Amino acid sequence: MHEKTLSELSRDLKSKAISSEELTRAFLDRIGRFDDRLNSFITVTDERAMDAARAADRLLQSGKGGPLCGIPFAQKDIFCTEGVKTSCGSRMLDNFIAPYDATTAARFNQAGLVLLGKTNMDEFAMGSSNETSYYGPVKNPWAPAAVPGGSSGGSAAAVAARLTPAATGTDTGGSIRQPAALCGITGIKPTYGRVSRYGMIAFASSLDQGGVMTASAEDAALLMGVMAGFDERDSTSVDHPVPDYTAGLHAPVKGLKIGLPREYLGKGLDPAVEKAVEAAIDEYRRLGAEVREISLPHTDLAVPVYYVVAPAECSSNLSRYDGVRYGHRCAEPQNLADLYTRSRGEGFGAEVKRRIMIGTYVLSAGYYDAYYLKAQKLRRLIKEDFMQAFAEVDVIMTPTAPTAAFNIGEKVDDPVTMYLSDVFTIPANLAGLPGISVPAGFADGRPVGLQIIGNYFAEDRLLNVAHQYQQVTDWHKRVPPQFA
Amino acid sequence: MLDKTDVKRIAHLARLAIDEQDNNDYQRDLTNILSLVEKMSAVDTADVVPMAHPLEGTQRLRKDQVTEPDERDKLQAVAPRVEAGLYIVPKVIE
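Chains as they are written, first to last, in numbering that gives the first Met the number 0: chain A, 0 to 483; chain B, 0 to 93.
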């Protein structure tokens, strides 16, 4: 049952071949059986899930359930879920029971999906390996010594091991696409403004975007239809029509113009990853796509720009954690200053502190023009590179990450080396463009992802292009042997 | 290269208590991150307009009407210390 696609499960639920209660029980059992090995969940919402499953079954019985009614899924622990602990992977929010639902949570509830639990993640989504979580690292289902990627590492590992048919993620610099690549699943980061950020705990507000992580592009298309849409409670939400993402999946890719940015090849790219990605591009050639080299000349600036913009916005966003209104409060505060500094010092881990401090520094008096303003100007140049490229090509293809999954502990003491894991995913965040990572083979037994970047609101195109590849390959159907 | 005093000053601005023994690590890590960022200065951006929103979005305005109900009790249920509907902090004024 755990190897079925969402559309197969949906069909089985509709035809009453299976009930949501049975399906939910089956996935909760898998979590109970396997998650000790992975640590992919922070909270499992067993009882609540069974109640929701029974409610879904009643709707299905009466013929009122929508297409995804009764399907279990998991939320990254960054989305507020009313009455359920929402920790964001941090000691700061270890005691935080969300008093309201994120718009995304409300939309999934309304569609009748069943929440299995909240997945592990890097603390406040800051990390590329899931090692900064207060709840301990997540293991990669393909190689227990390896990281699952981050920050949505718990969601990626849980989907890869089929502990849940689908999960949500958020992506500020690659946090959906990079773990999807490292765990061998499909993950889409939509256009900035496509998915509501209301109730999604903020890291860097001009970059953060929610999306979905699934086995296949077809599954992602089904869930995107639930998740995407305008929300007046998110001031940067974009009011743009939501298409039926499944409608265009079957269009052939013959004549599709694919751009390969020359700046992405070479430096730091593992040859085994390069080989797998080249094989995937060849597959598109066989399907009739036209492949041409393009240039994105400001690529080298993306990581530096990101490490100004993201920490600056993080230092501002995380100033709300003051030990007064919610979250961790230190014991026996001597005075108000002591309450603030100790609550924050104890509540945040090392990586979050580093980023808050970098952000505080670049925003401090006298430095704003040299750092934040400069970064915003370069951000425009990076966006313009993409706009020029999209005048010539329909989609851009790159490796999702420069290497396959690295080992736990390998990069954790060297922040800058860790940051370079996101060198290929960060540019799309800076430009606000949608991107998807698709499983494209293995390098030394560890999964490799192909990244496809599209123009604004071209999620339907990305899903179509990914789906066509998945019709002629079976990488997305592979399940790690220990979890079969 | 940031020194010990810089790290202390930044930590103070950010209202973060950091352990004295970690100061050296912060000096090294923050300096490394800032030198990564330094690459930005190689490009002349005198004529470039800064980009605040990828789709040039601006803040939407709405009617000045009350749309949210009073949820004080619900929201304060997660607060570390509350009395009579007020958040309690150490005494600020003697």
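The set of hints was computed from the structure by calculation and includes no laboratory data. Mixed in with the good hints, there may be bad ones.
[Stated by the list, open to error] Capping the alpha-carbon separation at 25 angstroms, the derived lysine-lysine pairs in BS3-like fashion look like this: (1) 3/A <-> 15/A; (2) 382/A <-> 62/B; (3) 382/A <-> 410/A; (4) 274/A <-> 63/A; (5) 84/A <-> 15/A; (6) 410/A <-> 73/B; (7) 410/A <-> 3/A; (8) 84/A <-> 63/A; (9) 84/A <-> 73/B.
Bear in mind that the values here come from a model prediction, so they are computed numbers and not experimental data.
Here's how the hints hold up against the structure:
1. 3/A <-> 15/A: The hint holds at about 15 angstroms.
2. 382/A <-> 62/B: 34 angstroms, violated
3. 382/A <-> 410/A: It is violated: about 30 angstroms lies between the C-alpha atoms, which goes past 25 angstroms.
4. 274/A <-> 63/A: 48 angstroms, violated
5. 84/A <-> 15/A: 33 angstroms, violated
6. 410/A <-> 73/B: 42 angstroms, violated
7. 410/A <-> 3/A: 36 angstroms, violated
8. 84/A <-> 63/A: 30 angstroms, violated
9. 84/A <-> 73/B: 15 angstroms, holds
Of the numbered hints listed earlier, those contradicted by the structure are 2, 3, 4, 5, 6, 7, 8.
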